[in-house]
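Going down the list, the sequences are from chains U and E. In terms of numbering that gives the first Met the number 0, the first sequence has 661 at position 662, counting the first letter as 1, and numbering is strictly consecutive. In terms of numbering that gives the first Met the number 0, the second sequence has 176 at position 177, counting the first letter as 1, and numbering is strictly consecutive.
Hints are computed from structural coordinates only; laboratory data are not their basis. Backbone N, C-alpha and C define an ideal beta-carbon position, used for all residues, glycine too. Be aware that one or more of the hints could be misleading.
Derived lysine-lysine pairs resembling DSSO-like cross-links, with alpha carbons at most 30 Å apart [what the hints assert, rightly or not]:
id, chain 1, residue 1, chain 2, residue 2
1, E, K223, E, K206
2, E, K209, U, K593
3, U, K599, E, K170
4, U, K600, E, K369
5, E, K351, E, K374
6, U, K600, E, K545
7, E, K133, E, K57
8, E, K100, U, K600
9, U, K599, E, K134
10, E, K223, E, K254
11, U, K594, E, K385
12, U, K36, E, K155
13, U, K493, U, K305
14, E, K344, E, K369
15, E, K142, U, K593
16, E, K415, E, K545
Simulated restraints, written as ranges between beta carbons of each label pair [unchecked claim]:
id, chain 1, residue 1, chain 2, residue 2, range
17, U, T670, E, L664, 55 to 65 Å
18, E, F434, U, T670, 56 to 66 Å
19, E, P253, U, E267, 53 to 63 Å
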Amino acid sequence: MMNLKKAYHFLGSIHFAITLITSVAILTIAGTFIESKTNSHRYAAALTYENPFFIFLLWCFFINILVSALRRWPFKMRHIPFLITHTGLLMILGGVLVKSYFGTQGSMAIMEGSASHEILQPGTYMVQLDPFGEKNRAHQYAITQNFLGRFHLKNLTEANLKLELVNYFPHSKESFQTWVRESQGFISGLAPFPVFEWNQNQQNLPISMQIDPWEVYAFHTTDPSELIKTAYLQGMKIRLIDRLTEEVIFQGLLSKALEESITLLNGEAKVDLSVNFSALEGLVEPKLTLSIPNLDPIEIFLSGTKSLINHRQLQILGNSPLVVDLERTPALLFVEDHDSDLFLFAFDAHGRMHNQIFRQGALNPIIVYGNGFGGYAVQTDIPFSNQVGRKEIETAQQNLLVEQFEENMDKNLQLAAPLALFQNACSDTKHKFVENCIAFLAHWNNSSSWLYPENLPLPKNLENIFAALSFSHEEQKACHWVSQVFQEIEPRLKQGKEVGVILEEIQWPLVASLKSIHDSDAGSLLRLLSQQIFAASNLLSYTDSDETLSPSKKAHLLSAYLRVFGIHWAEIAALPSVNLETLTMEAPLTSIRKKTSPSKKIEENLPMITLRAYQENKTQSFSLTYDPFASGLRWPILGGKYLVRFQPQFKKIPYKVRLRNARQINYANSTQPYSFESDLIVTDLRTNLPVEKTISMNQVYETWDGYRFYLANIAPPAETSVRQVQIVVNHDPAKYWLTYPGAIILTFGIFLLFWIRPYRK
Amino acid sequence: MKRLLVFFLFFAVLPLLSSQENILETQNIPVSHLGRFRPLDSSSRLWLYEFYQREQIKKEHADRFQSPNRSALHLLWNLHFQGHQKWDHSPLFFIHLASIKSLLGLETNRSHFSFDELQSALAENRETNLALVKKLITYEFSKHLLETTNRGSNQKIELTSLTPNLWAQIKGQDLVVLAAPNNPPWHFLKPGMVLAPDFKKDELLIKKDKPLIDDILNLFNRLKEYAAYEGPVMASEKNLEEALDALKQKHLPPKEIAQTLENHAPLTSRMQQPGMTIKALPGRFSQGDWFSLKALKLKLYDRETQTLVPIRNFTSFSDDRFEKIQSTYLALEEAWNQIPRSPEKTQNLLHKLTDELKSGYASLAGTIYKEAAGKSLSYPSLTQIKMETIYYQYPFIEICIALYAMAVCFFFLNYKPLQINAFFCLIAAFLVHTFILGMRCFIVQRPPVSNMFETVIYVPWVAVLVSFFLSSVYKNRFVLIASSIAALALLILIKLTDVNSRLDNVQAVLDSQYWLIIHVLLVVGSYGVFILSGILAHFYLIGLVKEKEETPSLAFLSKIILQSLYLGVALLIPGTILGGVWAAESWGRFWDWDPKESWAFISACIYLIFIHAYTFHHIRHFGLAVGSITGLLAISFTWYGVNYILGTGLHTYGFGSGGEVFYYLYFAAELLFLFIIFFIRFLPGRKLVEKN
């Protein structure tokens, strides 16, 4: 009895009170420093404020205040201030306790335009299990920690499925795998293929799989750009063809040609392949360059709309006399770098390149596949063509031109003079005008000279037409002079000289007027020059020779005439759209979880759990990584019967909140925010009555039954994109009858305690 | 009588302390600057301060700025009309941190540098450029790694906070550049360049480097802004003329020309291009958007005449007034750039311009220009504008310091007649002090407690106020001495440290008059009371040591200490709890052990421990004095330490850095003091006796 009384007195004693206040203060000081050091509020809280020992101290505090009050029984007048103060304190403590057991606290993230009636409770853990295809019938399993630190699974809903927590690990990293998983590659519908490790010295690459006609290569590497070049060169052949005779001049492996250069009749031709790859942008203008002695270099782009077309530097002179073609077995190349980013390349039979990047965290599109629900997949569409090569594109270009020309002919437009001349000859010899005209332009273009060469034989049809073509005296004179001047100019052009320089060399009298036109390219300067000659020709003398001109000579003169009008293949030909095929492939999307050492910043840790599910006679074990915003993918289990996600617990509230608009209002001429605001429509789900409200910082919406909606955060701040708003929802049933009155009573009590006579010191 | 004379003399001298201006005419033109509408004089001071860390050009720099007039206003007008080139050699740019200077290869014993010097160190010298840029990128990269959850260890990160298209990645042990833009200051970076060998993410380093990085970024911004100051020829307008010439050559119809020109150089972006200083023209279409006087020079393509014509009225002023302003301004610019400049002519035009702008503003003053849910912003009245000019022009805080210092001196010279002098000094100081706070309240229309500077002004004011009250109740001069010491120390402290003293807008979170008044005024007010009681406790302990036993006057002092502790606690605890109520109302939770909350709680606990122990006779006056000093240590940490040393939590609006060393010194000195006192007190044979 004595001991009991002693204990009672101790519990209500000032010693006990001071001990308690001191220990609570010391723990709190420790907590603030831990928080500052680790930058983690939750870590500090777990060690101090939320530690069971701390809670125990608070309860002791409660008891101490209570007993110390009871000890004063029977109360006297002088006890009043003490009682009032300490009642206030008890009420505040009680209010906080009531709220933590019966209140609601959580947040919801809503996008502009969408709505929600569920709040997530950050820092809680739950497994959400949705039967596939059935909405609103989710099973929930809470994961809680007991005071010994062990984790338990608690079934929150009825389910005909048993779930067991096998393992819990505090932090993990989840990454997604698509085409390559460790040492195997996957393409949906095909058997897995091996993935090799590649290092820089390896020149002959092993083929992982053959899908007719494609070869599939797959590698892990640290240096993707070098590997791509090596893979591209596997069995790649280069062919040089004479443009006019279509004779193959050279044929061999591109890899060899790159190393040794090609021996041609007039010297050594050098080949250069540039494949720049950046992990961010993919392939950057891959191209092949051929430098030939006495000729300007040829460039061939290997990707994009211009791919495979031979482009020379002096394209104004027409096509290069040499053509480069590539040929190889089409191949697919999967490369995984050491960041687990995956790059997919396709090289088609003509050497076109295509690439697609599957980077961690930027996987799209993701598709859902399978009957019912089988899982997720990534898809790729690779444009390619093993049929349409350079030659086919050129033919298509010619056909396109014919088509466009004929369309325009139907409009009865007046033809340019040289074309009208050619048309007359066609109708005289009963040849089709458009086709032959384009054929002539193409033939001229292939001759790779500014004007059609006098001595180049014409194809049969054209020869007949030109035989019938007749110039007027003026035309012939003008064309003759144009031809004369260009005989001087053309060799110099081929040496790579600039037009301005050439004009000065040949002492062209009107050079100043040409030079005054700034920003003109060589082509239009030359056109203007031929127009000058054409106009000036009537000042010059010319005697018609009696003998009739040869068809080739006439073609030569007509080409001069056409140049005056700016009509040349290079000026009028458009790029045809090439009909490429599409290779569509899919790979299952799987995730891999690795345990990583947990950070002290608990907020950043993503725990991983391993679960075992039993249903009827099926069992399945699986691991999940925490999804802190419940926004990621839900994974299928038990053959796709359920979808499962490891996420924070959520709670339904009786209000549906729709976000109409969120905005940040700034102070005048500055970026400092003046107000954050959101327009909400809050619908009471019990009565279906909507209420429109604008909430902002320091302006809260409170419903009649005490649910409060606070604006916590708006992201992103930019006006341009749809915004997401973080709304804190709370419901504190004790606020108005415990916490707030407690605060007032405490304040009042302190004043009484300090300054009212009976108790004053 | 003599005393009064001294005071009259003092106030008579006051106006002479302020600098003489010859363009004072323009000082009260309202302009939009840093989110508020301020008088031009104050804005120019703040503007200069951003660059130069002073509100006026230093005397020794006067010749390097080529002007005997050292006022910010004068320099601003000069730069406004003449462009920056003339001042490229003037030491305008203040750099505080020696680490930046050494990174840039600048002399560390200077603190002001010219644009040319910095430009060559930053944009032309590869070595210094890379040293700085590498530091910057490494820091930003580490920050990204820390801030983003669940990053892979070798992520490629685009550092958009610095500039778009700047990518970095950890390769092996090193941090390397993946891609970099080509414009300065990034132009020396090449893909593959190692930024930091043996890179490790380090949280402490980030905290440590933050001031450095902030200063570097700030310097970048200052350079960029400065480089945008243009003279009479504006690049944008010249480009426009050239573009028009080119279009005319193509013989396009006027409609198409107008469209192309507008796409090429939209008027709205030309009106807001960088370098547009002196925003004194209220926009017509969006309330609160103000434009620079330079916008008056912009040109527009006129379809009818097919030429460029001066911009038409875009302000909320009448067309008539606008035209007057425009023509005056253009004439003024011409006059300003005339060599030699005729002061009479410019003075005249300045006068005219000022008059027009001010009378234009008169109709706006007091009207609402921005509305938000439940609150609105309105233009300050002309009186407020005038007051702000006065507030910045006179060194009120220095005057306050001088008066408090005089009071302290007179108090300590224990000579009877001087005591009255001291009292008068203290009253005068308090009046100036009240005037400072009152001015701030009047100008920004809110209680003066929303940033560190304001609280440091407010706390000693509370201390002095309470000391008047206590001294009148208890008739004790020590209270007054204590409060003047507190005020003197704190006011000197804010002058020594570089706390932001601007009259600024309040943070959105704090913008709740009701709760701000109740919570912050109570809690911050309690700091003042606690400081007072802490100083009194020092007096008591020193007195106890001196007298070797408690004299009646010391016992009486102890009574005042107790009362001040009561008052402090009565302010602190309700203030903190009401802060909880505010938090519950605006953040959605009552109490969350946020560091500021925690420390308010800890301070309250410490005071409660000593008050309980005293009440129940476990300690006596000595203990109470020790408690008061211990409590003051906790309060100082709550006030300064949470914001400047811990630096975490939700009360972020006061965060900053700097002055840690002083704080640690203070803390150590206080502990040493307590230790010595304890040593003397409990030394065997030298017992100090307390009566009770």
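Verification of the hints:
Our distance criterion of 30 Å between C-alpha atoms is met by K223(E) and K206(E), whose separation comes to about 26 Å. With a C-alpha separation of about 33 Å, the suggested pairing of K209(E) with K593(U) is violated against the 30 Å cut-off. With a CA separation close to 25 Å, the supplied pair K599(U) and K170(E) stays within the 30 Å bound. Between K600(U) and K369(E), the direct Cα distance comes to roughly 41 Å. Violation of the 30 Å bound is thereby established for this hinted pair.
Straight-line distance between C-alpha atoms of K351(E) and K374(E) comes to about 36 Å, which puts the hinted pair past the 30 Å bound. The hinted pair formed by K600(U) and K545(E) fails the criterion: a straight-line CA distance of about 52 Å is larger than 30 Å. Between the alpha carbons of K133(E) and K57(E) the distance comes to roughly 34 Å, so the proposed pair goes past 30 Å and is violated. Proximity of K100(E) to K600(U) is assessed by CA-CA distance (about 36 Å); at most 30 Å being required, the pair is judged violated.
Proposed proximity of K599(U) and K134(E) is supported: the alpha carbons are some 27 Å apart, at most 30 Å. With a C-alpha separation of about 36 Å, the suggested pairing of K223(E) with K254(E) is violated against the 30 Å cut-off. About 65 Å separates the Cα atoms of K594(U) and K385(E), which puts this hinted pair outside 30 Å; it is violated. The straight-line distance between the Cα atoms of K36(U) and K155(E) is roughly 28 Å, inside the 30 Å bound, and the hint therefore holds.
A hinted pair counts as satisfied when its Cα atoms are at most 30 Å apart, and K493(U) with K305(U) qualifies at roughly 24 Å. Straight-line distance between C-alpha atoms of K344(E) and K369(E) comes to about 39 Å, which puts the hinted pair past the 30 Å bound. Our distance criterion of 30 Å between C-alpha atoms is met by K142(E) and K593(U), whose separation comes to about 24 Å. Only pairs whose Cα atoms come within 30 Å are accepted, and K415(E) paired with K545(E) is accepted, the gap being roughly 22 Å.
Taking 55 to 65 Å as the suggested C-beta distance range, the pair T670(U) and L664(E) does not conform, at roughly 38 Å. Restraint check, F434(E) to T670(U): a C-beta distance of roughly 33 Å breaks the suggested window 56 to 66 Å. Under the hint 53 to 63 Å, the C-beta atoms of P253(E) and E267(U), about 60 Å apart, fit the expected range.
Consistency with the previously given hints fails for numbers 2, 4, 5, 6, 7, 8, 10, 11, 14, 17 and 18, ordered from lowest to highest.
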